[in-house]
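Residue-level listing of the chains:
There are 2 protein chains.
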Amino acid sequence: MITVALAKGALLKDSVARFTKAGLDFSAILDPKNRLLMVPSVCGRAKALLVRNGDVPVYVAYGQAQLGVVGFDVLSEKKMPVANLLDLGFGGCRMAVAVKESSGYKSAVDLPHHCRVASKFTNCARRFFEDIDLPVELVHLTGSVELGPLTGIAEAIVDLVATGQTLRENGLVEIDELFYSTARLVGHPLSLRLDNGMLQKIIETMQSQNNSAHI
Amino acid sequence: MITVALAKGALLKDSVARFTKAGLDFSAILDPKNRLLMVPSVCGRAKALLVRNGDVPVYVAYGQAQLGVVGFDVLSEKKMPVANLLDLGFGGCRMAVAVKESSGYKSAVDLPHHCRVASKFTNCARRFFEDIDLPVELVHLTGSVELGPLTGIAEAIVDLVATGQTLRENGLVEIDELFYSTARLVGHPLSLRLDNGMLQKIIETMQSQNNSAHI
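In order, the protein sequence lines correspond to chains A and B.
So in my numbering, the last one in the first sequence is 1664, and the numbering has no gaps at all.
So in my numbering, the last one in the second sequence is 1664, and the numbering has no gaps at all.
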């Protein structure tokens, strides 16, 4: 039995569509009436675990799911021992540094030393500021990071930006980009080594969908 | 201007009611159409920040809010330098250890050494298992912790239990209690020391509501 960890939220619909094309139909998960967190595939050969974004790499790292779909942002933040198998292309957004428009800062290197930076992604932010040799004090927030500069708890934030609407609504502007994030297919390394071909077939089908989408 | 950090979710309605009785009316925050994360009080002397549970002690510790309301569970997990001023009594729930009913374990000390325990509250869980001298491997999950024993990622979980319905629905039973959690009024220590009487008046009014509720 194959177990697949899928993230609730923005990536779910496309994740289900890609697995359906690869032969594992979990579309029951998209039914608004669905309350189950473990959903069997139509074929009965697999089940999907519906978990929070940040928990996908945990379930895959511990081998409770052999495959999973999760954003590169979460993978970068959690650094769990999972195999990053495929860039699935959807769920695109930028991990960016943003400040108040009125601050005048044009780039992350303009920020004052030891200023405070708020983020849900403090590991990503720490690596970025270390790379540009700018010592900052990180403030870990779990939501509504755009409040950071408005309340004064931080001069800058590191957050995911898709359309930029939230930033604009809060008078913030993007001044630097850490990386571009998309949904990734990840796998449990040991399960991949012990695979009898079933996992490989799913991965290859998804890979070929990727290739045909790029033509 | 007084700033108060309020947690979104289950504690919000009672938090707003208690501040209204103490003279700061933030009831606009409860309007389902409200999209603002910073809401002024009717009197104009204060504003409320509407943030995630876990961010309340952060805003208060940094002094961006002088007062805040948050569950004792979050305070215990985050251990931020805030003053725990009052037990407000509402939002009661137990931080508990739970296992599969079929496991047969009757108490936390029955769990096997080095078993895996899943929790959103890994700091609370670590202290509890250290106190009972039981070495365990903690697995940090961010949601749906009740899936832990069902998927096999953990034998036990440490999670908040209010009615126990989620546990029952997932075939889990509570075998130990870490502590009982209720909403707390917290304050920024330096703001309390520099207070000209305004904060003290709010705290005393809330204290007297507490006392009259207990008669």
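Any given hint could be a false lead.
Below are the DMTMM-like pairs computed for lysine to aspartate or glutamate, each with C-alpha atoms no more than 20 Å apart in a straight line [claimed, not checked]:
1. Lys1569/A to Glu1595/A
2. Lys1457/B to Glu1579/A
3. Lys1482/A to Glu1618/B
4. Lys1527/A to Glu1586/B
5. Lys1549/B to Asp1536/B
Just so you know, these hints were derived from the structure itself, not from any lab.
Structure-based check of each hint:
1. A C-alpha spacing of about 11 Å is found between Lys1569/A and Glu1595/A, which places the hinted pair at or below 20 Å, so the restraint holds.
2. Under the criterion of a C-alpha separation no larger than 20 Å, the hint pairing Lys1457/B with Glu1579/A is inconsistent with the structure, at around 34 Å.
3. Restraint check: the Cα-Cα separation between Lys1482/A and Glu1618/B comes to about 17 Å, which is no more than 20 Å; the hinted pair holds.
4. For the proposed pair Lys1527/A and Glu1586/B, the alpha carbon gap of about 18 Å is at most 20 Å, so the pair holds.
5. A C-alpha spacing of about 33 Å is found between Lys1549/B and Asp1536/B, which places the hinted pair above 20 Å, so the restraint is violated.
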